[in-house]
Structure formats: structure tokens, C-alpha cells
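4 protein chains.
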Amino acid sequence: MNDDQKKALQTLKTAKGQIEATIKMMEDDRYCIDVSNQILAAQSLLKKADLLIIKQHINNCVREAFEQDQGKEKVDEVIELLAKVIGK
Amino acid sequence: MNDDQKKALQTLKTAKGQIEATIKMMEDDRYCIDVSNQILAAQSLLKKADLLIIKQHINNCVREAFEQDQGKEKVDEVIELLAKVIGK
Amino acid sequence: MNDDQKKALQTLKTAKGQIEATIKMMEDDRYCIDVSNQILAAQSLLKKADLLIIKQHINNCVREAFEQDQGKEKVDEVIELLAKVIGK
Amino acid sequence: MNDDQKKALQTLKTAKGQIEATIKMMEDDRYCIDVSNQILAAQSLLKKADLLIIKQHINNCVREAFEQDQGKEKVDEVIELLAKVIGK
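So the protein lines, in turn, are chains A, B, C and D. Here the UniProt record's numbering is used: position 39 in the first sequence is 39, and no number is missing along the way. Here the UniProt record's numbering is used: position 45 in the second sequence is 45, and no number is missing along the way. Here the UniProt record's numbering is used: position 6 in the third sequence is 6, and no number is missing along the way. Here the UniProt record's numbering is used: position 37 in the fourth sequence is 37, and no number is missing along the way.
If a hint is listed, it holds; no wrong ones were tucked in.
Identical copies carry no separate label here, and so any pair may be met within one copy or between two of them.
Result set (PhoX-like, lysine-lysine): computed pairs, CA atoms no more than 20 Å apart in a straight line:
hint, residue 1, residue 2
1, LYS7, LYS72
2, LYS24, LYS48
3, LYS72, LYS84
4, LYS48, LYS84
5, LYS13, LYS24
Derived from the structure by calculation, the hints contain no laboratory data. Predicted, not measured: the structure shown is a model, and the values here were computed from it.
Could you put together the complete structure from these sequences and hints?
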């Protein structure tokens, strides 16, 4: 596992803890807007993890594919993923 | 807890399970694009939970505030939250 | 037209100017990342206009519907819209 | 201009037309939810244009940078842009 993947994994674990805390808040009947802000914090962590994964994917898999003249398919795959990420 | 809150709580628990599965995938060194798609699925669940919370918040807290002529502040609070949700 | 609608209309007009400037940048063959940042600025303006429209919609149409005990359908309509806005 | 850039430019022009139509709708005092849906359609076009620009950027600028062992900085630049695109 490279550095970006390690950071992504750590961020996912933090996101999991964040969601556990949010579940606890709902069970304690906390104010909806506060719960919603906690969900946003979890989403922000997931986006961060996702960007780290995409970054190392381009730096490794896509770079290697370019070297073997098979970059276009790999880039298409990344763009298809990004289309889902940005909700297109 | 009203029905929408119960559904939101259940959805958060599903999102937690989804993130646990994604952590496992990373530890098993699965293909980056597949991991990223799993993160997207977790984000989709968080958005669903968030919408349920906002929905019941408008139907309850905001409606009651309108009845007491204090709706505007509550709507401002919701819009401020939505601004963060949509990344404005 | 109320104040929030006037602001939304003005913001849409600014967004239109922003897109015209971005089109010009592409025709002048400017650096892709700079073009992309200009598109982001236009999207940010559209989000701002959208939030203003949703805000005055809740403050007016939804509030009136609550007074006539028909709020739930109006809120469902707003939530359906928000689901599209946040890409759920 | 390559094919993806041409498509992006055409999509930006369509987005401009879409915003002009939305401005007209607001001036005609059309229903807020309908106006908001038109704004969403414009945002969807901008996202499409942005993805085309990012795609050809990776296929050209980033690929060339990899060949000169300067890929990492270019990827960092793309990821910084994506962080803004996805609202992180």
C-alpha cells in the first residue's frame, strides 16, 4: 500500500467513527440541523478518501497504462467514475 | 422519533456497514476504481439520510416556526445548511 | 418579484456573463485548468441563484401550503428537487 | 482544438442558451420549482463540459508530463481542481 492509500484507509476509518457518533446523536434525539452537519462532516471525509484514491490511481495505474499506450481506456474509466462523483 | 427519522437512522447504520466493507476492500488491496465506487455508494446513503432529516425538519420544526411567525430564521438556518450540502 | 427572486435573477445574469467569458477563454485556447476554474465559478453562481429561489419558495409557497394543511406535498416537491440538486 | 475541447465548447454554448431560457422563465414569473429544474439542467451541462476538459487534459497535458517525469505536479493540479469540483 502506498502513502496515499494508507492516508485514504485512515480517512475511511475516521469517517466510520464520524458516522458512529452521528448515529449516537440521532439516538440521543439531538437537534436535526446539528445531526445534518455531522453527516456533512462524514461526507467530507469520504470525499477526501476518494480524492486520495483517485490521485494515486492516476499516478500509478494511469501512468503505467500511458507507458503501454493503453492510457485512453484508463482515462475513460477515471472520467466515468468522476461523472458519478460529481453527479453528472 | 418520527418515521423519517427512523428511516434516516436506519440509513446511517447501512452507511456505516458500507464503509466497513470498503475498509475491508482496501485492506484486501482491491482495484482502486472498485473501492472508489463503494465510497460513492456510502456517500449516496449519507445523502439519503440527510434528505430524510431535512424533510422532517421542514415538516416539523419549520412548520411550527411559521405558526409562531418565526419561520424566516428557521428557513435561513435550513438554507445555510443546504449551502454547505451543495458545496456553495 | 420579491427580493430573493430579484437577487436570483441578477445572479443568473452574472452566471450568463461568466459562461460567455469562459467560452471566449476556450476560443483563445487558454490553459485547461484555468478554463475549468471559470466553469466552477459559473456553477457556484448557479448554486447561489438556486438557493435563493428555494429559500423564497419555502418562505412563500411552502408556508402558505402549511397554512392550508397542504404543506406535506409541497415539502415532498422541495425534497425531490433537493435530491436532484445534491445528486442523490 | 481537439475533439473533446470542441465538444466542451459546444456544451458551454448550450449551457449559455439554457441560462438565457431560465432568465426568461424568471422574468415571465414561472413556478419556482420549474425554474430551479432549469438551473439544474444548466449545471448538468457545465459538469459535462468540465469533464470533457479534464478528460482531454489528462490525455494530453498529464500524459506528456508523465513522459518527462513531471507527472506528479500535473496530477496534484488536477486533484486540487477536483477537490473544488466535488466541494471538498
